[in-house]
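Starting from the given sequences, assemble the full structure and let the hints guide the process.
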Amino acid sequence: MITQRNLILLGIVGAALLALPLIGSLFAIYLVNEILIFALFALSFNLLLGYGGLISFGHAAYFAIGAYACAVLLTTFGWPFFLAFGAAAVISAVCAAVIGYFCVKLTEIYFSMLTLAFAQLVWAVAFKWIAVTGGDTGFIGVAVPDWLDVPVRFYYFTIVVVALCAWIMWRIVNSAYGFTLVATRENRNRAEFIGVDVKRIQLVAFILAGTFAGVAGSLFTLFNHSVFVESAWWTQSAEVMIMSILGGVGTFLGPALGAATLLILDRFITEWTVYWPTFLAIILLAVLFFFPEGLMGFASKRKKKGE
Amino acid sequence: MDKKSLLLTGTVLSLSATAAFAEGDIIKIGALYPTSGPCQLIGEYSLLGTEILAEEINAAGGLNGKQIEVIHRDSKCDPAEATAMARDLIAREEVDFLVGGVSSSVGQAISEVSRQEETIYIAAIPKSTQMTSPENFHKFVFRAAANTNTEGKSAAVIADQLEMNKICTILMDYSYGHSLNEAFTAHIAKIRPEAEIVQQEWPKNGTTDYTAHITNIMAAGCDGVFSGVWAGLFPAFAKQAAPFGFFNQVKYVTAGEVGSPEVAEQMGADMPEGIWANSYEVFYHSAADAHGEFTAKLQEKLGVENTPSWPVVGYVAAQWLTEAIAKAGSSETDAVIAALEGLSIDTPIGPQTMRAEDHQANRGQFWGKMVQSADDSYPYRRMEPVSYVVADELMD
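Those protein sequences? They're chains A and B, same order as listed.
Going by the numbering used here, the first sequence opens with residue 752, and the numbers climb by one from there.
Going by the numbering used here, the second sequence opens with residue 1391, and the numbers climb by one from there.
Keep in mind that the hints were calculated from the coordinates and are not lab data.
Because the structure is a prediction, the values reported are computed rather than measured.
Glycine included, every Cβ here is placed at the ideal spot set by N, Cα and C.
Treat each hint with caution, since some may be false.
Here are the simulated distance ranges between beta carbons [said to hold, decoys possible]:
| no. | chain 1 | residue 1 | chain 2 | residue 2 | range |
| --- | --- | --- | --- | --- | --- |
| 1 | B | K1529 | A | S926 | 52 to 62 Å |
| 2 | B | G1596 | A | V901 | 33 to 43 Å |
| 3 | A | E859 | B | V1761 | 57 to 67 Å |
Here are the computed lysine to aspartate or glutamate pairs in the DMTMM-like style, where the Cα-Cα straight-line distance is at most 25 Å [unchecked claim]:
| no. | chain 1 | residue 1 | chain 2 | residue 2 |
| --- | --- | --- | --- | --- |
| 4 | A | K879 | B | E1591 |
| 5 | B | K1687 | B | D1765 |
| 6 | B | K1418 | A | E1022 |
| 7 | B | K1691 | A | E1022 |
| 8 | B | K1641 | B | E1655 |
| 9 | A | K879 | B | D1599 |
Next up, the structure:
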């Protein structure tokens, strides 16, 4: 909800992000840059989970497709940067459309299993198609243009792209289409009775989510100068799900908060213990039991109580 | 002196000690080894090797008058994680050098960061020839490990010695297996033209059932098998193959460090008698000189008699750096690169040279026939005799 308070908060976060390079820490720039990319990935996932009620176990596929498309078009084919970057998003959208066409024919667990199956297929193609993707040793040396190949510049580029995508997603979920999507989540039968073509609405959500995931994947490629098949593996799909649930699927920005929390925890917990997966599991358990609406849901609830 | 002032003095002393070695007086080495996940054991032991080297140098007064500090990050056997951690080491800890890596993809990922950040990286374990191939090679990456050419061709040398003429291969279906295959088949054709490859099996990476592959090989009528079922997978494979009499029917030559003492100990009587296997290190090969000293140190550190093979890998990887820094008289990147190119060092496993043109060390491996040890204190299979296969002619 856009309240004055939220706008002020958003303004503060935005200003902090823009001012971050002033503190001169390369480490902070790298960390926040990665957070922004995964925030976009998690926001795209939440179009499906939070707004559409669609549990996809294979969202990493579109992240990976975007990542590989961007790497191959830029490096192997030597396309101009913006053309390659745009085409990567289009390719993700097309793949999401084809896969989504089959997936939305099914519901609930069958939908989830099919998304997983397709994602593993994408992984297998990336793994086997060594001539194009480099197989399991990975694709390195991505031809990032010189003007962008400076950490601070790339950081601002990421902010612009992520902000633009987030704004578009925000407009989408607050449009008539967005409300219809929520209606199909709340009660599929009722939505059908009033004449909503549920499958089509879900397919559009699938394509949109896939497209923005592809943009996140492209950014990640440019950020790392490399792509690896692990980015299409199911654990990557699980990670984005954890980010969303941790942050809160019921709010627009919750998943972004989840992405930030998870990455920061990962970075600092691993430093003092090798048992980081244990800590992650404990944190997740705590969230699921005590704050089922995630960190963002918890925060907004407390705010309401206070008012 | 009362307790409080003692504490205060202690604090002041330790503070001044820290200050004495502050910025510029410490050489920071960033170590990236997996200390969780499936490669954990390899990572922990390799890291230990790197730490032992740093301790030795610091105890002897440091390097060019500077102390060495090893800062470790868990690379988790995942390339994206390794990328983030390598950057973390450079940007936050301001390390001067990177060492480590286990899998080839992690090696590639760290190599990419080292290229961007212009920081020297010594690949300790990754074997993929892609890392040093012209399209991926850059001046900041060096490899201390043997590459897949050395490993596959060494196996061909052994196969030739064993007079294998009808050969089957069983290699895992991912880049490591395919690279081994290329090296092995090319070299066996060269040194033993009468040998032919009669059957090739490609188990999926991550499979746990090798039965079909085992029976296919046994039906193919080959007299020898070249295998890439590496150490982590081999115990399961051997358990399935032994009941068929597999290891009695064929001569078995395997890459992937199956001959390392930790695998022999883990498998005990399940380690097939008479197979030929390799390892980066076997503690029993010699008690002389640097090797004996290193083994003794490791025995003391770990409190075990039979020391594992991986610490020497982490030790040697970091040794390239420290010897190059000593030779250059500086830890400036360009000076150290120049010193590394063509550098020869004496390691606990013998002399090694870093080739100037592609930054590949001439790292060979120990090969031997695994037979039951006659020594009561070591009731496992061990290589007898142990031979070091020299890499110089094999690594391309």
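*Take a quick look at whether B/K1641 and B/E1655 sit within 25 Å of each other, Cα to Cα.*
holds (22 Å)
_Just to be sure I understand the hint, the distance between the Cβ atoms of B/G1596 and A/V901 should be within 33 to 43 Å; is that true here?_
With Cβ atoms ~40 Å apart, the hint holds.
*Distance restraint between A/K879 and B/E1591, which requires alpha-carbon spacing of 25 Å or less*: holds (17 Å)
*Between B/K1529 and A/S926, is the Cβ distance one that fits in 52 to 62 Å?*
Holds, at about 53 Å.
_Hint consistency between B/K1691 and A/E1022 [alpha-carbon to alpha-carbon, up to 25 Å]_ = holds (23 Å)
_Does B/D1765 sit within 25 Å of B/K1687, going by the straight-line distance between their CA atoms?_
Since the Cα atoms of B/K1687 and B/D1765 sit roughly 22 Å apart, the hinted pair holds (cutoff 25 Å).
_Next pair to validate is B/K1418 with A/E1022; report whether the Cα-Cα distance is within 25 Å._
Answer holds: B/K1418 to A/E1022 is near 17 Å, not above 25 Å.
*A/E859 and B/V1761, beta-carbon distance inside 57 to 67 Å?*
holds (59 Å)
*Verify the proposed pairing of A/K879 with B/D1599, using a straight-line Cα cut of 25 Å.*
holds (21 Å)
When held up to the earlier numbered hints, the structure conflicts with none and fits them all.
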